[in-house]
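**Q** What follows is each chain in one-letter form.
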Amino acid sequence: MSTAKKIFLIDDDKLFTFLLRKTIGLTGIPTSITDFLDGNKALTYLREHSGSPELLPDVIFLDLRMPIMDGWEFLDEYRNIAPILSKPNRLYVFSSSISSYDIERAKTNPNVTDFIIKPILKEKFVEILSA
Amino acid sequence: MNTDPTTPSKDTTKSSDTWVQTLLSIPEKELSDLTKLATMMCSAGSSAIAAQNGLYYNLIGWHDQRTEAGNIPANAMLDPTNGSKTFNIPDLSTKSASDDILRYLPENTSALSGVAIEDTNGHTVGYLLVFWPEKHDITEDQNIALGLLSSQVSNLLRLHYAARSNTISNALHSEEMMKIIFQKAIDAVVVTDRHCAILLMNPEAELMLGWKEGDISGMNFCDICLAGNCHDTGRIDAHAPRANCTSGKPVETIVTTRDRSTIDVELSYTSAIIDGHEYQIYHIIDISEQKKARQKLDQQRKFYENILNNIPIDLAVFDPEHVYLYVNATAIKNEELRKYIIGKDDFEYARYRGRPSDVAELRRAKFLEAKKTGKEMRWEDKVITPDGTSVTHLRRMFPIFDDSGKLLMMIGLGLDITDRKELEDKQTMLLAKLSQQNVQLSDFCNIVSHNLRAPLVNIAMLSEFIENCSDTDERKQLISSLNNVLDNLNSTFNELVESIQIQEDPEVKSEHLQIHKYLQRILESLEPEITRSGASFTTDIENAPTIHYPSTYFNSILHNLISNALKYRSPQRKPEIKISSHRKGSSIYFSVADNGLGIDMQKHKNNFFKIGKVFHHHPDAKGFGLYMIKAHIEALGGKIWVESAPDKGATFFIEFTNQNQ
Numbered sequence: 001m002s003t004a005k006k007i008f009l010i011d012d013d014k015l016f017t018f019l020l021r022k023t024i025g026l027t028g029i030p031t032s033i034t035d036f037l038d039g040n041k042a043l044t045y046l047r048e049h050s051g052s053p054e055l056l057p058d059v060i061f062l063d064l065r066m067p068i069m070d071g072w073e074f075l076d077e078y079r080n081i082a083p084i085l086s087k088p089n090r091l092y093v094f095s096s097s098i099s100s101y102d103i104e105r106a107k108t109n110p111n112v113t114d115f116i117i118k119p120i121l122k123e124k125f126v127e128i129l130s131a
Numbered sequence: 001m002n003t004d005p006t007t008p009s010k011d012t013t014k015s016s017d018t019w020v021q022t023l024l025s026i027p028e029k030e031l032s033d034l035t036k037l038a039t040m041m042c043s044a045g046s047s048a049i050a051a052q053n054g055l056y057y058n059l060i061g062w063h064d065q066r067t068e069a070g071n072i073p074a075n076a077m078l079d080p081t082n083g084s085k086t087f088n089i090p091d092l093s094t095k096s097a098s099d100d101i102l103r104y105l106p107e108n109t110s111a112l113s114g115v116a117i118e119d120t121n122g123h124t125v126g127y128l129l130v131f132w133p134e135k136h137d138i139t140e141d142q143n144i145a146l147g148l149l150s151s152q153v154s155n156l157l158r159l160h161y162a163a164r165s166n167t168i169s170n171a172l173h174s175e176e177m178m179k180i181i182f183q184k185a186i187d188a189v190v191v192t193d194r195h196c197a198i199l200l201m202n203p204e205a206e207l208m209l210g211w212k213e214g215d216i217s218g219m220n221f222c223d224i225c226l227a228g229n230c231h232d233t234g235r236i237d238a239h240a241p242r243a244n245c246t247s248g249k250p251v252e253t254i255v256t257t258r259d260r261s262t263i264d265v266e267l268s269y270t271s272a273i274i275d276g277h278e279y280q281i282y283h284i285i286d287i288s289e290q291k292k293a294r295q296k297l298d299q300q301r302k303f304y305e306n307i308l309n310n311i312p313i314d315l316a317v318f319d320p321e322h323v324y325l326y327v328n329a330t331a332i333k334n335e336e337l338r339k340y341i342i343g344k345d346d347f348e349y350a351r352y353r354g355r356p357s358d359v360a361e362l363r364r365a366k367f368l369e370a371k372k373t374g375k376e377m378r379w380e381d382k383v384i385t386p387d388g389t390s391v392t393h394l395r396r397m398f399p400i401f402d403d404s405g406k407l408l409m410m411i412g413l414g415l416d417i418t419d420r421k422e423l424e425d426k427q428t429m430l431l432a433k434l435s436q437q438n439v440q441l442s443d444f445c446n447i448v449s450h451n452l453r454a455p456l457v458n459i460a461m462l463s464e465f466i467e468n469c470s471d472t473d474e475r476k477q478l479i480s481s482l483n484n485v486l487d488n489l490n491s492t493f494n495e496l497v498e499s500i501q502i503q504e505d506p507e508v509k510s511e512h513l514q515i516h517k518y519l520q521r522i523l524e525s526l527e528p529e530i531t532r533s534g535a536s537f538t539t540d541i542e543n544a545p546t547i548h549y550p551s552t553y554f555n556s557i558l559h560n561l562i563s564n565a566l567k568y569r570s571p572q573r574k575p576e577i578k579i580s581s582h583r584k585g586s587s588i589y590f591s592v593a594d595n596g597l598g599i600d601m602q603k604h605k606n607n608f609f610k611i612g613k614v615f616h617h618h619p620d621a622k623g624f625g626l627y628m629i630k631a632h633i634e635a636l637g638g639k640i641w642v643e644s645a646p647d648k649g650a651t652f653f654i655e656f657t658n659q660n661q
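Those sequence lines, one after another, are chains A and B.
Quick note, the first sequence lines up with residues 1 to 131 if you use our numbering.
Quick note, the second sequence lines up with residues 1 to 661 if you use our numbering.
Among the clues, some could well be false.
[Claimed, not checked] Derived lysine-lysine pairs resembling DSBU-like cross-links, with alpha carbons at most 30 Å apart:
#1 Lys41(A) / Lys433(B)
#2 Lys517(B) / Lys648(B)
#3 Lys22(A) / Lys476(B)
#4 Lys639(B) / Lys433(B)
#5 Lys476(B) / Lys122(A)
#6 Lys648(B) / Lys41(A)
#7 Lys567(B) / Lys14(A)
#8 Lys574(B) / Lys41(A)
Treat the hints as calculated values from the structure; they're not laboratory data.
Kindly generate the complete structure, drawing on both the sequences and the hints.
**A** Here is the structure:
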């Protein structure tokens with residue numbers, strides 16, 4: 001399905017990724033979702049496939065709190081990778097954090113499209129995926 | 001021939017003055033032979049000669065070694081003599097007015113007789129007196145004998161008078177000269193006879209005292225001008241035996257002038273014998289101006305001393321060699337010590353007080369630096385007073401140079417800033433506590449966001465799905481997921497509460513803890529985990545077997561580190577855990593080393609102990625433990641750090657400070 005939106009979900013919370021898949025399913029929009037349990041694994045993938053647009057995501061959902069490499073560390077590294085990616089994408093930071101400091105920090109990052117506070121409703125996904 | 005001794009006319013006085021002086025100058029021995037004879041012939045108690053001298057009769061010529069000179073006021077003599085040449089009082093007690101003279105007669109005198117002594121003109125110069133201890137009617141024989149003896153005294157007087165006249169005329173020339181010197185003298189000079197009767201006053205003395213010489217000549221100088229002070233000086237004692245009165249050092253005293261005002265003077269007194277006559281020369285210098293100036297200076301000195309001793313600043317002045325010139329009462333309260341330190345330095349003072357010399361050394365270093373650089377030194381020093389309280393001073397030391405740039409002196413100031421210092425320390429402590437609490441607050445916000453809010457989000461989403469789910473199996477699966485999240489949330493919540501409870505009380509009491517006892521307890525509580533992993537433990541704690549720390553904290557630290565070491569063990573090998581403690585200075589260095597998974601130090605160096613930070617995909621890793629123990633340790637002034645390499649193991653080090661208690 002060439003029209004299916006390619007989504008990367010970087011989050012260690014398996015329950016949340018399960019719930020997210022279910023919510024996205026409810027929108028009826030065709031998607032293909034890939035899970036990464038930490039930032040490091042996602043970076044490795046992006047680096048390896050930076051030249052293959054068909055393997056690169058349209059949308060990245062990034063959690064901030066993860067073991068091994070958290071969301072902030074991922075963003076630090078991603079700064080170097082973004083320019084070499086052969087396909088543009090939109091990156092959304094998902095977090096249960098309600099800290100204004102976290103929100104400000106994420107929104108001022110040039111690679112971050114928006115900061116979304118969990119939980120995410122079906123309507124939000126429709127908005128994001130239709131864009 | 002009739003002379004009234006109470007009111008001698010000017011002429012009479014003049015004419016008999018030289019006669020009286022002559023009578024007074026007759027050697028005592030010559031007179032006392034005659035009075036002895038008079039005593040024997042009259043069967044009397046004693047006898048003397050009363051020489052009329054101005055307003056007094058001086059009693060002289062005692063034959064029985066009497067020490068007191070004795071003076072009888074002329075008016076007191078009036079009553080017994082009644083103006084006659086001879087008089088007899090057989091019973092003094094019957095005399096109504098005899099009280100007056102009784103006071104001046106020898107003690108136990110009950111009867112008195114006297115015969116006049118005359119000069120060549122028949123003027124009375126004095127009387128030969130005899131005293132009886134009992135009532136006595138003088139016999140005819142005795143009366144005749146007394147008259148003869150009196151004539152003998154008169155003859156003796158005339159002989160001496162003739163001899164004296166010659167001497168005086170010979171001395172006239174030098175006397176004139178002396179007079180000129182005397183008259184022109186800048187200071188006041190008063191000359192009296194040996195009984196203080198005024199003979200001469202120079203113009204300066206007249207000016208100062210307001211009396212003309214003629215007004216008071218013959219009067220007692222001590223009584224008139226030194227009233228009340230004569231005895232105070234201890235030196236000019238009119239009633240002391242003249243023979244003992246030698247020239248004295250000048251004394252400061254007060255003279256009374258004619259108008260009864262007083263003048264501060266320096267009075268010196270010289271006794272001089274001229275032609276066998278003893279004179280007293282009083283030399284009087286007006287020092288009232290000097291004294292005023294001195295008093296003013298004294299007042300000023302007291303004024304400044306009062307200020308210097310009462311300002312709440314330690315003040316010391318040093319000479320260029322750091323020797324004390326002055327120190328105020330604030331710096332050294334004890335007056336004796338304050339006197340002691342003058343002319344000495346801090347080292348001598350420290351030795352004297354039996355104190356260590358470190359304070360002296362510091363001050364000497366500051367002194368030398370101020371001397372070298374010419375600049376003010378400022379420093380704070382803290383001393384423990386004998387009563388154990390600590391006192392902080394702000395010290396300043398600055399040099400004073402003269403115009404040529406030579407160091408004149410060094411001034412040292414010390415201000416007690418103990419209160420300010422304590423406040424500062426308190427503020428610093430509060431600030432540290434505040435910033436620590438700020439960090440805790442932000443951590444707490446993080447925990448709430450990530451560890452509490454994340455599961456709540458999941459619960460919310462799950463419950464929504466459960467609500468909308470029609471499939472029974474799927475619904476069951478969702479509900480069991482919900483239970484897992486709730487369990488997780490519960491344990492996270494409990495850990496959080498525990499960590500906050502411990503942080504709340506950083507002043508919890510420290511005790512001496514036996515490390516091995518705590519280790520034993522923890523190993524027992526971790527028994528299932530230890531058995532499952534086959535872990536082995538070694539200890540090296542003989543060097544520092546006890547630790548001074550709050551029991552709960554130490555337990556928490558030990559539990560965290562050991563359970564971490566077990567939790568993050570390598571699947572390839574059995575855990576080997578080593579616990580060590582070593583003392584170094586006042587600190588104890590405690591460590592827990594394992595051979596587990598290890599941590600990539602390069603990657604995690606900055607956020608190692610951050611809250612919620614986990615380094616492994618381990619189901620139990622919540623990231624609280626290290627954050628918690630770090631918070632405890634730092635709250636008590638200690639340190640924690642880690643050395644590790646991936647797949648080699650990790651060693652956690654803790655420095656426990658202040659272990660010398």
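**Q** It remains to establish, for every hint, whether it holds in the given structure.
**A** Here is how each hint holds up against the structure:
{"no.": "1", "hint": "Lys41(A) / Lys433(B)", "result": "violated (40 Å)"}
{"no.": "2", "hint": "Lys517(B) / Lys648(B)", "result": "holds (29 Å)"}
{"no.": "3", "hint": "Lys22(A) / Lys476(B)", "result": "holds (16 Å)"}
{"no.": "4", "hint": "Lys639(B) / Lys433(B)", "result": "holds (16 Å)"}
{"no.": "5", "hint": "Lys476(B) / Lys122(A)", "result": "holds (23 Å)"}
{"no.": "6", "hint": "Lys648(B) / Lys41(A)", "result": "holds (23 Å)"}
{"no.": "7", "hint": "Lys567(B) / Lys14(A)", "result": "holds (22 Å)"}
{"no.": "8", "hint": "Lys574(B) / Lys41(A)", "result": "holds (29 Å)"}
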